[in-house]
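Given chain A, work out where chain B should sit, using these hints.
Top line first, the protein sequences correspond to chains A and B. Quick note on the working numbering: the first sequence kicks off at 554 and runs consecutively. Quick note on the working numbering: the second sequence kicks off at 55 and runs consecutively.
Some clues are possibly wrong.
Chain A residues, not near chain B, derived (Cβ > 12 angstroms throughout) [as the list claims (entries may be wrong)]: (1) Ala566; (2) Glu605; (3) Phe618.
If you anchor each label on the Cβ, the simulated ranges turn out as follows [as the list claims (entries may be wrong)]: (4) A:Asp616 x B:Ser112: 41 to 47 angstroms; (5) B:Ser139 x A:Asp616: 38 to 44 angstroms; (6) B:Thr80 x A:Arg650: 26 to 32 angstroms; (7) A:Arg650 x B:Val148: 17 to 23 angstroms; (8) A:Arg575 x B:Lys106: 35 to 41 angstroms; (9) B:Glu62 x A:Arg634: 33 to 39 angstroms.
Just so you know, these hints were derived from the structure itself, not from any lab. Using N, Cα and C, we set each Cβ at its ideal position, and we do this for glycine too.
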Amino acid sequence: GAGVSQSPRYKVAKRGQDVALRCDPISGHVSLFWYQQALGQGPEFLTYFQNEAQLDKSGLPSDRFFAERPEGSVSTLKIQRTQQEDSAVYLCASARRGSYEQYFGPGTRLTVT
Amino acid sequence: GNSVTQMEGPVTLSEEAFLTINCTYTATGYPSLFWYVQYPGEGLQLLLKATKADDKGSNKGFEATYRKETTSFHLEKGSVQVSDSAVYFCALSVGGSNYKLTFGKGTLLTVNP
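So that you can see chain B by itself, here it is in the shape it has in the complex:
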């Protein structure tokens, strides 16, 4: 079956620190990969995506590269801000667009000033 494993949280960083949140996956078929973010008091929203191997998704200073050889999609940001404090979910779907998402457990990030 399909599954996503992401690093356990919580992660606590100081402002301007470098962020990495690891994500690995197993999938039957060729998955598309996503990072979703949930800010406090808000719903889940798509942060970035990559639909084929070696694609890099990027948004709001965050990046993740689809690595088929290591089945990974690690999230990185060079300099985090207090406003990045949120829960981050790695997810995949198989079968193209408009298909169900399989999520990791989520990683809580807290950025202190």
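Bound-form chain A, shown alone:
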């Protein structure tokens, strides 16, 4: 079956623009995570959904970051008024209920100019 997909794969935004990043998890996976990976660093947790419920958003760096998963499948990470420090790869991962293994998508590379 298909893995986790993310779109777009690359996004260039001018500072101050809003962006929306999409994640399609593996069908039937109840858990969905977003991570931010800066160049040369490990991924850092942003937020976690179980079905449509956002259970943890402690990693979102500011109120410019917003995530949703309204029907418990596809998720969107929105960044308002992008800043240069938002430039990073944004990773989405999904997992089955009760499983330790998270399946990662290929990421969206965001560059803010």
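Positioned in the frame of chain A, the structure of chain B alone reads:
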């Protein structure tokens, strides 16, 4: 808080050499420990895991043992291949399955023929 420290890279080895990548952690609570691997051009994938002290995770010839007394989870392989060239990330989660991962910075391994 939770954190993971892994050895700085890059690491360059010849084929059939022995590999060790060190990983130590601090955690509030009892963590599960993971090694993830990112091959060139691909997404992160789980390599192995251990969920309690003294457990050994193993996969594709790689091994790591959960050492609570030294808070370590070092990755080893007896004989590396060119195809093992990748970035390796040590990670932990606290709170059971379906919970956020805390990653180290990653170690780039290059294996030459």
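Taking the hints in turn, this is what the structure says about them:
| no. | hint | result |
| --- | --- | --- |
| 1 | Ala566 | holds, 22 angstroms |
| 2 | Glu605 | holds, 15 angstroms |
| 3 | Phe618 | holds, 15 angstroms |
| 4 | A:Asp616 x B:Ser112: 41 to 47 angstroms | holds, 44 angstroms |
| 5 | B:Ser139 x A:Asp616: 38 to 44 angstroms | holds, 41 angstroms |
| 6 | B:Thr80 x A:Arg650: 26 to 32 angstroms | holds, 29 angstroms |
| 7 | A:Arg650 x B:Val148: 17 to 23 angstroms | holds, 18 angstroms |
| 8 | A:Arg575 x B:Lys106: 35 to 41 angstroms | holds, 37 angstroms |
| 9 | B:Glu62 x A:Arg634: 33 to 39 angstroms | holds, 35 angstroms |
The structure fails none of the hints (numbered hints given earlier).
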